[in-house]
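J.: Chain by chain, the residues:
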Amino acid sequence: MNSSTNIIKDIVTQKKYKEKYHWTDYFSYFYLFLGVFLMFGPIIWLGLSSVKTNAGIQEYPPTILPLSQIQVEVDGYDKPLSLYNVTLDDGSQTQLAEIKRVGITSKMVDPNDAEKKYKIPIDKREKIREFSVQWGNYLDPLRKYNFLLYFKNSIFVTVIATIITLIINSMAAYALSIYEFRGKTVALVFVIGTLLIPLTIILVPVFYVIANFGMINSLWGVILPGAATPTGVFLLRQYMLTLPRELIEAARMDHASEWAIYWRIVLPLSIPAIAVLAIFSIMWRWNDFLWPLIVLSKSEVYTLQIALNAFHGELTSQWNYVLAMTMVTLLPIALIFAYLQKFITTGIASTGMK
Amino acid sequence: MKNIRSKIKNFFITIFKIPFGFLMHTIDIIMWPIQKIIGVRNMPYIFLLPNLIFFGLFVIIPLGVNVAFSITGGDELLFADREFSGSKHYNDLFNCESYLNPNTCKEDFFWRGVYNTIFFVIFQVGLMIFFSLLTAVILNKKIIGRGFFRSVFFFPVLLSPVVVGLIWQWILLKNGILNAVIEANGGDKFSFLTDPGWAMTSSIFVSIWAHMGFYTLIVLAGLQAIPPNLYEAAEMDGTSTERTFFRITLPLLMPNLLVVFILASIKGVQTFDEIYVLTGGGPGTSTSLIVQYIFTTGFASSGSVQNFGLAAAASMVLGIVLLCLTLIQLFLGRNKETKHQEI
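Heads up: the protein sequence lines correspond to chains A and B, in order.
So in our numbering, spot 241 of the first sequence is number 241, and the numbers just go up one at a time.
So in our numbering, spot 208 of the second sequence is number 208, and the numbers just go up one at a time.
Keep in mind that the hints were calculated from the coordinates and are not lab data.
It cannot be assumed that every hint is accurate.
Pairs of lysine to aspartate or glutamate residues, derived as EDC-like cross-links and limited to a Cα-Cα distance of at most 20 Å, are as follows [said to hold, decoys possible]:
id: 1; chain 1: A; residue 1: Lys116; chain 2: A; residue 2: Glu130
id: 2; chain 1: B; residue 1: Lys141; chain 2: A; residue 2: Glu98
id: 3; chain 1: B; residue 1: Lys141; chain 2: B; residue 2: Glu242
id: 4; chain 1: B; residue 1: Lys142; chain 2: A; residue 2: Asp25
Using the sequences and the hints given, assemble the complete structure.
T.: Written out as structure tokens, the structure is:
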């Protein structure tokens, strides 16, 4: 008995590493918990707000949980009325529904007897709330405002762009790592050069090129300009340089075509690097904003990000829908991160890019 | 459980394998005769071709076309309809009585954008270095739940700019939760997004919130590369924690902090999306940055006409600034060994 309490005491008081506590240790934990609050708090608040009713969203000061006021149908009124707990003049408590608020008094009616009306000062009443989750915030935009289509557009762009990026970048990386040929250095410098030219400084001319291909307001206009990525070529090349050359020589002896060597030998061996690039590409494409904003101006080709921005501009008062759709937009990336977070962080740490 | 998971995994692998194999076999039918004709030695050119075509079409050619746009006028996109206008756009951009006062400039929005961007970058980069260093040092300590805390700080990096902008707009609204908390503690409401000064502060904060995790990771990689025997030796000598930090950690971390400085500056100068969603560049022009100027001038069709030439000229100016920053990076990175030469 005594020994087991000692063990528990040891576990509770023991530090993971036996050192003395320094003031920086206390500060560290304080900072970390503050960090958790700052980084996750906004997301949790978004999640909680996204299932509130429109009335609950507009309430100030806001309630933390999605509590909404109970609404009742009263004979003779078209709209459902909000229910309040009211202290009457004689001190008794009752439940009344509000018809209209006039200044600091409120016209109220007994929900059971539509004939009985009251005038109550607003500080004598209290809202009756119940916990209710408004899934309609998620379903309505998907049905009424075409968000299902935008979701499909985003998935199309992400999947097709990632496939194209993986294939052409791995082909270039294969050429630059396995072969020796004239102009290899030039090609490498060329690829490095494109690393220095971000899209923000060539917006107009790329738009011009896309316009010449007739790809304005087409998802292909979003997919193609970013398909060849210098970072992707480098990432894959660095990895392919480490592959054993004997394998390739052996395959050549067996009369395998160069293309067969590429896809049967080199690609399967480079899966780790390809997976990192795939995750990056999915992230880039799903989150892409500036370029689709320029290319896509018709609502039927909007991606989720563009639609969300446009939707927010049109319906500033409909925060419940905006927040629910924000949640839908961030969820796929959050799920990928939850499964592959170690992979992503080591990928970024080893390449220094995002 | 494990069995089911591996079954699902195998299922997905097969799903990918079949079309992949089919596609590759089909391409092989084309590639085999090509290889017969041009020979193995010339095959790498074929492999490079698709990527180079994309780079050429969407990076190299546009660089030249950008110059052509910046020296031609009119609001048509096709060159047949554009007139040569020489350095008109550049003259317009730099037509100022006093460069210090944007109101005296012909293109006052451009200069407001420039000054806003300078202000934004100075504070954003400075605070970014400070906080990513602090966070990385703390995350590098022997703390419980280190992996969890690391991913917590990294998480916002993955969020899209629209999501970041909307989340923070929702929090910082006049009737948002932050003001509710401030009022509950006896303070007055702040106009975080509608007061010019506060809007800039909020923008800088949100931008740091969204990108800090990335730079923390770079600093963390540097911290882990510092040989532990240095710290052991310092401990033997009874060196204080503060002294160890300033005499060992900081000097050895300098290359990484430089990388953070340059990368954050290059990205900071190009900031657009999350601020655009958060404040829309407002109130007025108080948070509108250079890229927003280029976007509004060239593409936002509401109000004035689309002035591609002026937008292209402004992109050229931005491009020169970025080139200078990159040259500084190359110059600094030349003699110092850094792991992160790539952007």
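J.: Could you work out which earlier hints the structure fails to respect and list their numbers in ascending sequence?
T.: 1, 2
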